[in-house]
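With chain U held as given, fit chains L, Y and R onto it using these hints.
Residue numbers (our numbering), protein chains in the order written: chain U, 11 to 125; chain L, 11 to 125; chain Y, 11 to 125; chain R, 11 to 125.
Be aware that one or more of the hints could be misleading.
Identical chains blur together in the list; that is why a pair holds if it fits in one copy or across any two.
Stated by the list, open to error - Subject to a maximum C-alpha distance of 27 Å in a straight line, what follows is the list of computed BS3-like cross-link-like pairs (lysine-lysine):
| hint | residue 1 | residue 2 |
| --- | --- | --- |
| 1 | K17 | K64 |
| 2 | K122 | K74 |
| 3 | K122 | K26 |
| 4 | K122 | K22 |
| 5 | K108 | K74 |
| 6 | K111 | K64 |
| 7 | K113 | K23 |
| 8 | K108 | K122 |
| 9 | K113 | K17 |
| 10 | K108 | K17 |
| 11 | K26 | K63 |
Since the hints were made in silico from the structure, they are not lab data.
4 protein chains.
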Amino acid sequence: MNDNHTKIDELKKIVKQFVDERDWGQFHNSKNLSMSIAIESAELMELFQWLTKKESKNAMMSGKLRDNAKDEIADIFIYLIAFCNQNNIDIKQAIDNKMAKNKKKYPVETFKGRF
Amino acid sequence: MNDNHTKIDELKKIVKQFVDERDWGQFHNSKNLSMSIAIESAELMELFQWLTKKESKNAMMSGKLRDNAKDEIADIFIYLIAFCNQNNIDIKQAIDNKMAKNKKKYPVETFKGRF
Amino acid sequence: MNDNHTKIDELKKIVKQFVDERDWGQFHNSKNLSMSIAIESAELMELFQWLTKKESKNAMMSGKLRDNAKDEIADIFIYLIAFCNQNNIDIKQAIDNKMAKNKKKYPVETFKGRF
Amino acid sequence: MNDNHTKIDELKKIVKQFVDERDWGQFHNSKNLSMSIAIESAELMELFQWLTKKESKNAMMSGKLRDNAKDEIADIFIYLIAFCNQNNIDIKQAIDNKMAKNKKKYPVETFKGRF
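Isolated chain U, as found in the complex (with noise of 0.2 Å):
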């Protein structure tokens, strides 16, 4: 695994140089990231559209949907990265912040095994 030692910087720095070297910058405002972000969504979610719980997780365990899914994973990142990019958001706190927020919303004597 990469991830034990890839700084989330170095994911800002692969998704910025990307954008920078095909000036595509002056078309990443906010409104359209944002929709880039949920159409890339829509295109995870269409791979398991129509299987059950149980055939998506076997065709999760290897093989062609296993693949296509980590692309569109890696695509959602990336737009998610460059919306931080462009508006200067430190991923670490605002996951950090979210979560002091969850946890307080669902405190686990609360919602423990249930919603």
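Here is chains L, Y and R on its own, set in the frame of chain U:
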């Protein structure tokens, strides 16, 4: 910025712990999580739905809309990471693989400044 | 059922009047409306996000979730119809044209009971 | 325009026959169909993703993008109607009920020309 020293695995652990403590792994099959990612993406998009490009930009400078956008961005990251935890996906590798495809598909000389 | 005597144009007029009275046509460009349709679709999806197939079925029999689903369905219809009003699209003709393509793409003999 | 003489029930019958002939009712549970509606909505949105408001307007006048938009609009209608068929929902009544709520929520005097 925390992103210059936080490793991706730390984000994965934060999400895993939250899910484990609540025993929510039982709901986190790939089909459900793909829906969650899409739903949170729509909530981000909702913030910019009726704004012009210029209004979006101004609203992201500071204030309430920027704070809400950071929370929605965090929610999408959290579900994406939960999906990767569930399916043992290396995020850095998935992004590298997809970026290699994107570079072939969109060569700089052809796509500079346009699609 | 009202659907056996209500013409599509009546729905178009209901939506047009609501929009005109509020002078909201200025916000109803195709890009914005396509976002609205997607956002309302996500709200429908949210109702079924964590439910199993069986739970979804039971919940749609009667009660609160069924009422909420009807409201979300109506919201999607309303924005779809606003899009057609804005762009002078004949709904029946659009459906007929697309259905003709679908029938060619999915011939009964090949796709009976499967995709 | 066909919409001035086509009743909503005719659309319902067109969709029902298509689904029945292929025995696809088994896949058409509410959860799956809510995903389908969201996926098709994202495909509509994709057409306008990188366009400005003015470019969207021009592109919808005639030509390829307009034709594609009509097909995507039809796909969303088809799945929405399939959802209503599956759950015995009267479309006119659902729209009337939601419109009554919208009128209360957005009184003309307060919301004329703004949100």
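For this session: Since the copies are identical, ignore which copy is meant and state whether K122 and K22 lie within 27 Å (CA to CA) inside a copy, between copies, both or neither.
Result: Between copies only: 20 Å across chains, 35 Å inside a chain, cut-off 27 Å.
Exercise. Given a CA cutoff of 27 Å, do K26 and K63 count as a within-copy pair, a between-copy pair, both, or neither?
Worked result: Between. Shortest inter-copy distance 21 Å satisfies the 27 Å Cα cut-off; intra-copy 37 Å does not.
Exercise. How do K113 and K23 come out at 27 Å by Cα distance, when the copy is not named: within, between, both, or neither?
Worked result: Only across copies: K113 and K23 sit 15 Å apart there, 31 Å inside one copy, limit 27 Å.
Exercise. How do K122 and K74 come out at 27 Å by Cα distance, when the copy is not named: within, between, both, or neither?
Worked result: between (35 Å within a copy, 24 Å between copies)
For this session: Could you place K108 and K74 in one of the four classes (within, between, both, neither) given a Cα distance threshold of 27 Å?
Result: between (34 Å within a copy, 15 Å between copies)
Problem set entry | 27 Å Cα threshold - placement of K122 relative to K108 | Classified as within: same-chain Cα gap 19 Å, cross-chain 36 Å, threshold 27 Å.
Exercise. How do K17 and K64 come out at 27 Å by Cα distance, when the copy is not named: within, between, both, or neither?
Worked result: Result: close neither inside a copy nor across copies, 34 Å intra and 32 Å inter.
Exercise. Between the shortest in-copy and the shortest cross-copy C-alpha distance, which are at most 27 Å for K122 and K26: within, between, both, or neither?
Worked result: between (40 Å within a copy, 14 Å between copies)
For this session: Tell me, please, which holds for K108 and K17 at an alpha-carbon limit of 27 Å: within, between, both or neither?
Result: Both, since 20 Å and 18 Å are each at most 27 Å.
For this session: Go through the copies and call it for K111 and K64: within, between, both or neither, with a Cα cutoff of 27 Å.
Result: neither (32 Å within a copy, 30 Å between copies)
Problem set entry | Homo-oligomer pair classification [K17, K113; C-alpha up to 27 Å] | both (25 Å within a copy, 22 Å between copies)
This entry does not satisfy hints 1, 6, going by the numbered hints stated previously.
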